[in-house]
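For reference, each letter of the sequence shown is one residue, going 55 to 444 in our numbering.
A portion of the hints provided could be inaccurate.
To be verified - For lysine to any residue, the following SDA-like pairs were computed, each having C-alpha atoms within a straight-line distance of at most 25 Å:
1) K262 - L222
2) K113 - E234
3) K113 - S88
4) K113 - F139
5) K262 - L87
6) K262 - S58
7) K262 - E433
8) K113 - I67
9) K113 - L64
10) K262 - D146
11) K262 - D432
12) K262 - D430
13) K262 - A435
14) K262 - S374
15) K262 - L380
16) K262 - G221
17) K262 - A178
18) K113 - G86
19) K113 - G71
20) K113 - D183
21) K262 - D183
22) K113 - A131
23) K262 - F139
24) K262 - L243
25) K262 - I365
26) K262 - H354
27) K113 - S84
28) K262 - P240
29) K113 - I59
30) K262 - K113
Claimed, not checked - The calculated label-pair distances, taken between Cβ atoms and stated as ranges, are:
31) W398 - R263: 39 to 49 Å
32) R285 - W398: 17 to 27 Å
33) A172 - P294: 40 to 50 Å
34) S369 - R404: 45 to 55 Å
35) A402 - M291: 19 to 29 Å
36) Y97 - E211: 42 to 52 Å
37) W398 - D80: 39 to 49 Å
38) E211 - A431: 22 to 32 Å
39) R66 - A174: 38 to 48 Å
Keep in mind that the hints were calculated from the coordinates and are not lab data.
Cβ coordinates follow ideal geometry from the N, Cα and C atoms, glycine included.
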Amino acid sequence: MRLSIASIALPRILRIGGGASRQLADVLTSLGLSRPLIVTDPYLAGSGRVAEMEEGLAKAGIAARIFADTVPDPTVASIDAGLAFLRDGDHDCVIGFGGGSPLDSAKAIALLARHGGAMADYKAPHVQDEPGLPIIAIPTTAGTGSEATRFTIITDEATDEKMLCPGLAYLPVAALVDYELTFTKPRRLTADTGIDSLVHAIEAYVSKRANPFSDGMALLAMRALAPNLRRVCADPMDAPAREAMMLGATQAGIAFSNSSVALVHGMSRPIGAHFHVPHGLSNAMLLPAVTAWSAPAALHRYGDCARAMGIADASEGDQSAVARLLDELAALNRDLDVPGPAAWGIDAARWEALVPTMCAQAAASGSPANNPRVPDADEMAMLYAQVWAG
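Please model the complete structure; the sequences and the hints are all you need to start from.
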């Protein structure tokens, strides 16, 4: 009998817990790095947190430069600006500090700094394993899991395509996962990034590329995320819930990085690219309908998700457990005020006109092929129509 071999990759260093971000200088020194570029966003630069980081490094004799002009859903132009800034200095590593956009930006800048070319050269199906500059990731949201993944996503503004770029080149060498950085997250961002994490865990578990290692991480993530998502939205200073969400986000990132995401993510990226819907929010819009359509092809797997999330009893059958899962996903969207596309403000005619393009871009990313039930273009169009109708 042939044994399948899972290819597992993790950051070399993971430091997880309150205050972990303050160990940055120690981590850089342990890696022999001393000339970092910090890639962040204007909000964090203005909040004083980047200045604190810079001062902490200076006390350790490490001089950093700061690029703070990342944008939500990073674009080719924003990456080119960061790359030009990096080349004006003498840097031996890139620190991503922020949510998914700064982390994804740091990954792309670190890659191009060493290999050159355009980001379009590196989109799927191309896999870039040869590393760029070392990446150190410090997430400030419990959501993307980018601190532990071998992917980055960059938008080609010329075509409105969110390019999925895979490979070991994007895997941070170190990740400092500090839940104390999430206390000031606003409710909408808390909800959207939390749902993003939950989707990562669910899709990693039901993916055709799932393996025993990713399964374990995905189940742990669901156990951490599901009971705490509403709690952090209700009380942003709930420290145990924030800690659980941050840990779950990283575990979910590890899970899908070593398995894959699937149809929700494949269909979500074009919504973000064309209509500028935040990634976690577009995932949330899609999750109930896509899960209902996909579940018959992997009933036991989706039942396991319901049991891990604590919404089905361990002795409950799969059919009943999946029914509870679908009810919970709809309730979660209601409780967290997730709008549909129309309520978000998307024009109906433009949505309908772009559905064929969105279906083609979703399929080209490769993610739908990992789904337990693989849709054709007509089935994806039907799902987009369902999501519009609510």
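Consistency of the hints with the structure:
no., hint, verdict
1, K262 - L222, "holds (20 Å)"
2, K113 - E234, "holds (22 Å)"
3, K113 - S88, "holds (12 Å)"
4, K113 - F139, "holds (24 Å)"
5, K262 - L87, "violated (38 Å)"
6, K262 - S58, "holds (13 Å)"
7, K262 - E433, "holds (19 Å)"
8, K113 - I67, "holds (22 Å)"
9, K113 - L64, "violated (30 Å)"
10, K262 - D146, "violated (38 Å)"
11, K262 - D432, "holds (21 Å)"
12, K262 - D430, "holds (17 Å)"
13, K262 - A435, "holds (22 Å)"
14, K262 - S374, "holds (23 Å)"
15, K262 - L380, "holds (21 Å)"
16, K262 - G221, "holds (19 Å)"
17, K262 - A178, "holds (18 Å)"
18, K113 - G86, "holds (17 Å)"
19, K113 - G71, "holds (22 Å)"
20, K113 - D183, "violated (35 Å)"
21, K262 - D183, "holds (22 Å)"
22, K113 - A131, "violated (34 Å)"
23, K262 - F139, "violated (41 Å)"
24, K262 - L243, "violated (30 Å)"
25, K262 - I365, "holds (24 Å)"
26, K262 - H354, "holds (13 Å)"
27, K113 - S84, "holds (16 Å)"
28, K262 - P240, "violated (35 Å)"
29, K113 - I59, "violated (45 Å)"
30, K262 - K113, "violated (48 Å)"
31, W398 - R263: 39 to 49 Å, "violated (31 Å)"
32, R285 - W398: 17 to 27 Å, "holds (25 Å)"
33, A172 - P294: 40 to 50 Å, "holds (45 Å)"
34, S369 - R404: 45 to 55 Å, "holds (48 Å)"
35, A402 - M291: 19 to 29 Å, "violated (40 Å)"
36, Y97 - E211: 42 to 52 Å, "violated (21 Å)"
37, W398 - D80: 39 to 49 Å, "holds (43 Å)"
38, E211 - A431: 22 to 32 Å, "holds (25 Å)"
39, R66 - A174: 38 to 48 Å, "violated (29 Å)"
Hint compliance for this structure: hints 5, 9, 10, 20, 22, 23, 24, 28, 29, 30, 31, 35, 36, 39 are not met, and every other hint is.
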